[in-house]
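Trainee: The lines below spell out each chain.
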Amino acid sequence: GENVEQHPSTLSVQEGDSAVIKCTYSDSASNYFPWYKQELGKRPQLIIDIRSNVGEKKDQRIAVTLNKTAKHFSLHITETQPEDSAVYFCAASEAGNMLTFGGGTRLMVKP
Amino acid sequence: DVKVTQSSRYLVKRTGEKVFLECVQDMDHENMFWYRQDPGLGLRLIYFSYDVKMKEKGDIPEGYSVSREKKERFSLILESASTNQTSMYLCASSGSYSYEQYFGPGTRLTVT
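Chains as they are written, first to last, in our numbering: chain F, 1095 to 1205; chain X, 169 to 280.
Just so you know, these hints were derived from the structure itself, not from any lab.
This structure is a prediction, so every number in the text was calculated from the model and none was measured.
Even glycine gets a Cβ: it sits at the ideal position worked out from N, Cα and C.
A few of these clues could be false.
Said to hold, decoys possible - Residues from chain X shown here face chain F by an in silico Cβ test under 10 angstroms; the list is partial:
hint	residue
1	Q205
2	G208
3	R212
4	L213
5	Y218
6	L258
7	S262
8	Y270
9	P273
Could you build the full structure based on these sequences and the hints that come with them?
Mentor: This is the structure:
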C-alpha cells in the first residue's frame, strides 16, 4: 500500500517568513495530492490540492509543487501570519477517494 | 455548507464494552470514511464506504466494524473496546465529483 512521510514534524517561523513542508510517497500510481489544515480543536479542512498532470499550483499565499519522478511534493506558505498556525497534513491517493495521510506538521508562526 | 456531525464529542468507555460512534452528513455524499487520529501518526483510515451497505477496509480495520444502512449515516463499531483504541475518531464524507473530504468535529474516545 501507499506510505506517505512528512517533514518536519514541527516548524516554527517568524511572522512574514516563508514555511515549507515536504512529503514523500511510495506508490508511483498515486495521482492526487491534497493538503489539509487543522487548527487547534477544529476539524481538518482542505486548503489546496494538486493532480499529477501539473507540477505546481498556487492560491494566494499558498502553493504546492509536485515532482513525480522523485515522488515528493511540498507545501509553500509565503508571508506567514499568526492565523497560519495549525497542523498541516499532506496525503496521497491513486483513486482519489482513499487517502493516505502523512504524520502532520505543527506550524507555529511567532508574531 | 456541507455539514458532517458526530454523535459525541467525548466518550469514556470501559474495556470490553461495545462502542458505537455515529456520523451523519447532509450533502447526499456517496462516500463516507472513518479515521483515527493519533499524535505523529496523522489520520489513519479505518473503513471507507462508497455506497449504502458497501464498505472497504482501510489501513487499520482490526478491532473495528462499520455499518451503513442509510446514505447519510455511517457507524463505527468497536465490538470489545480496548485501551489501545483510546484515540480521536474523525468521520468524513465526499461526493462523486470531488475528492475533497469534509470532516466531522471528531469524537475523543477514552477506554479505561
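Trainee: The structure should be examined with respect to each hint, and the outcome stated for every one.
Mentor: Here is what the structure says about each hint:
Interface hint at Q205(X): satisfied, since its Cβ lies 9 angstroms from the closest Cβ of chain F, which is below the 10 angstroms cut-off. At its closest, the beta carbon of G208(X) sits 5 angstroms from a beta carbon of chain F; the interface hint therefore holds under the 10 angstroms criterion. This hint holds: R212(X) has a C-beta 7 angstroms from the nearest C-beta of chain F, less than the 10 angstroms allowed. Residue-level restraint check for L213(X) holds (minimum Cβ-Cβ distance to chain F is 6 angstroms; threshold 10 angstroms).
For Y218(X), the interface hint holds, since its Cβ comes within 10 angstroms of a Cβ in chain F; the closest pair sits about 7 angstroms apart. For the restraint placing L258(X) at the interface with chain F, the shortest Cβ-Cβ distance is roughly 7 angstroms, inside the 10 angstroms limit, so the hint holds. Hint on S262(X) holds. Least Cβ distance to chain F is approximately 7 angstroms, under the 10 angstroms limit. With a least beta-carbon distance of about 8 angstroms to chain F, the hint placing Y270(X) at the interface is held under the 10 angstroms criterion.
Evaluation of the P273(X) hint against chain F yields a held restraint, the C-beta minimum of about 6 angstroms falling below 10 angstroms.
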